[in-house]
Amino acid sequence: MNTRYVGALDRATSGSVVIEGRDLGTLDSAALAALRRRHVGVVFQDFNLIGSLTAAENVGLPLELDGASPSAARDVASKALDEMGIGELADRFPDDMSGGQRQRVAIARAVVGDRRLILADEPTGALDSVTGEGILELLRRRCDAGVAGLLVTHEARHAAWADRVVYLRDGFIVDSSGGPVAATANSADSVSASATGAALVGEPRT
Numbered sequence: 001m002n003t004r005y006v007g008a009l010d011r012a013t014s015g016s017v018v019i020e021g022r023d024l025g026t027l028d029s030a031a032l033a034a035l036r037r038r039h040v041g042v043v044f045q046d047f048n049l050i051g052s053l054t055a056a057e058n059v060g061l062p063l064e065l066d067g068a069s070p071s072a073a074r075d076v077a078s079k080a081l082d083e084m085g086i087g088e089l090a091d092r093f094p095d096d097m098s099g100g101q102r103q104r105v106a107i108a109r110a111v112v113g114d115r116r117l118i119l120a121d122e123p124t125g126a127l128d129s130v131t132g133e134g135i136l137e138l139l140r141r142r143c144d145a146g147v148a149g150l151l152v153t154h155e156a157r158h159a160a161w162a163d164r165v166v167y168l169r170d171g172f173i174v175d176s177s178g179g180p181v182a183a184t185a186n187s188a189d190s191v192s193a194s195a196t197g198a199a200l201v202g203e204p205r206t
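In the UniProt record's numbering, the protein residues as written are 1 to 206.
Just to be clear, a hint being listed does not mean it is correct.
Label-pair restraints from in silico Cβ distances [to be verified]:
1) Glu20 x Phe93: 28 to 36 Å
2) Glu20 x Gln45: 35 to 43 Å
3) Arg169 x Ser71: 46 to 54 Å
4) Glu20 x Ser71: 25 to 33 Å
5) Asp66 x Glu137: 23 to 31 Å
6) Ser129 x Ser69: 36 to 44 Å
7) Gly146 x Thr26: 22 to 30 Å
8) Asp175 x Gly67: 38 to 46 Å
9) Asp82 x Gly171: 34 to 42 Å
10) Arg169 x Ile50: 29 to 37 Å
11) Ser71 x Asp163: 32 to 40 Å
12) Leu53 x Gly171: 32 to 40 Å
Because the hints were derived from the structure by calculation, they are not lab data. C-beta atoms are modelled at their ideal positions from N, C-alpha and C, and glycine is treated no differently.
Please model the complete structure; the sequences and the hints are all you need to start from.
Spelled out as structure tokens, the structure:
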């Protein structure tokens with residue numbers, strides 16, 4: 001399943017996607033943007049950091065767009081970066097960071113604020129195994145605190161933290177555990193952000 005549907009970046013061609021009790025198919029562009037900004041954090045596979053902004057500015061940007069003052073956004077962003085173990089990079093620009101550091105900044109941006117849903121597309125792809133396990137533990141703690149998390153990975157072992165695991169092949173479900181999650185690569189039959197932690201596991205890379 002493409003996380004762009006759940007993240008309100010694309011509209012499903014059939015079925016429905018419901019977040020915070022709201023059917024995304026019924027919302028206009030402004031309402032979708034507000035929902036993404038306030039409730040959905042996305043960890044993109046290619047980071048999507050803004051090169052002209054520092055780490056702290058990248059992390060705090062969603063808060064500023066939602067009305068927070070620059071100083072308040074900076075304070076919250078600094079705490080999120082500290083949580084990721086990269087607080088010392090707050091004033092560094094993306095081009096001056098390693099791939100793993102940029103990934104952790106992207107994750108900090110996804111979890112900052114009162115996000116109710118975190119979508120993580122291969123969040124440990126640019127990290128060493130120790131750092132990657134730490135990030136998964138952090139996401140698990142967020143889920144235990146009531147946040148819904150959806151992880152997409154090709155590493156089946158990374159799905160061990162999830163309450164639900166769905167295995168995909170060629171865009172179709174081939175197995176699942178922990179409860180029903182129905183989806184295909186091109187449409188969402190019924191996807192709800194009510195799960196504590198879920199993982200979509202694709203075929204292993206060769």
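Regarding Glu20 and Ser71, is the given constraint of 25 to 33 Å on their beta-carbon distance met?
Distance hint for Glu20, Ser71 holds at roughly 29 Å.
- [ ] Kindly confirm whether 36 to 44 Å is satisfied by the beta carbon distance between Ser129 and Ser69.
- [x] Because 39 Å falls inside the window, the suggested range holds.
Note to self: Please check whether Glu20 and Phe93 have a Cβ separation lying inside 28 to 36 Å.
What the structure shows: For Glu20 and Phe93 the Cβ distance comes to about 34 Å; the hint holds.
(Q) Looking only at beta-carbon atoms, does the pair Gly146, Thr26 fall within the given range of 22 to 30 Å? (A) 25 Å Cβ-Cβ, so the 22 to 30 Å window holds.
Does 32 to 40 Å hold as the CB distance between Leu53 and Gly171, or does it fail? holds, 35 Å
- Holds or violated: 34 to 42 Å for the Cβ distance of Asp82 and Gly171? holds, 39 Å
Item to complete: Given the range 32 to 40 Å, decide if the beta-carbon distance of Ser71 to Asp163 lies inside it.
Response: holds, 38 Å
46 to 54 Å was suggested as the range; check whether the CB atoms of Arg169 and Ser71 agree with it.
Check passed, 49 Å falls within 46 to 54 Å.
Exercise for review: Starting from the range 29 to 37 Å, see whether the pair Arg169 and Ile50 falls in it by beta-carbon distance.
Suggested key: For Ile50 against Arg169, whose Cβ atoms are near 36 Å apart, the range 29 to 37 Å holds.
Note whether the CB distance of Asp175 and Gly67 lies within 38 to 46 Å or breaks it.
holds, 44 Å
Taking the Cβ atom of Glu20 and the Cβ atom of Gln45, is their distance within the range 35 to 43 Å? violated, 25 Å
Take a look at whether the Cβ-Cβ distance between Asp66 and Glu137 falls inside 23 to 31 Å. holds, 28 Å
In this structure, the one hint that does not hold is number 2.
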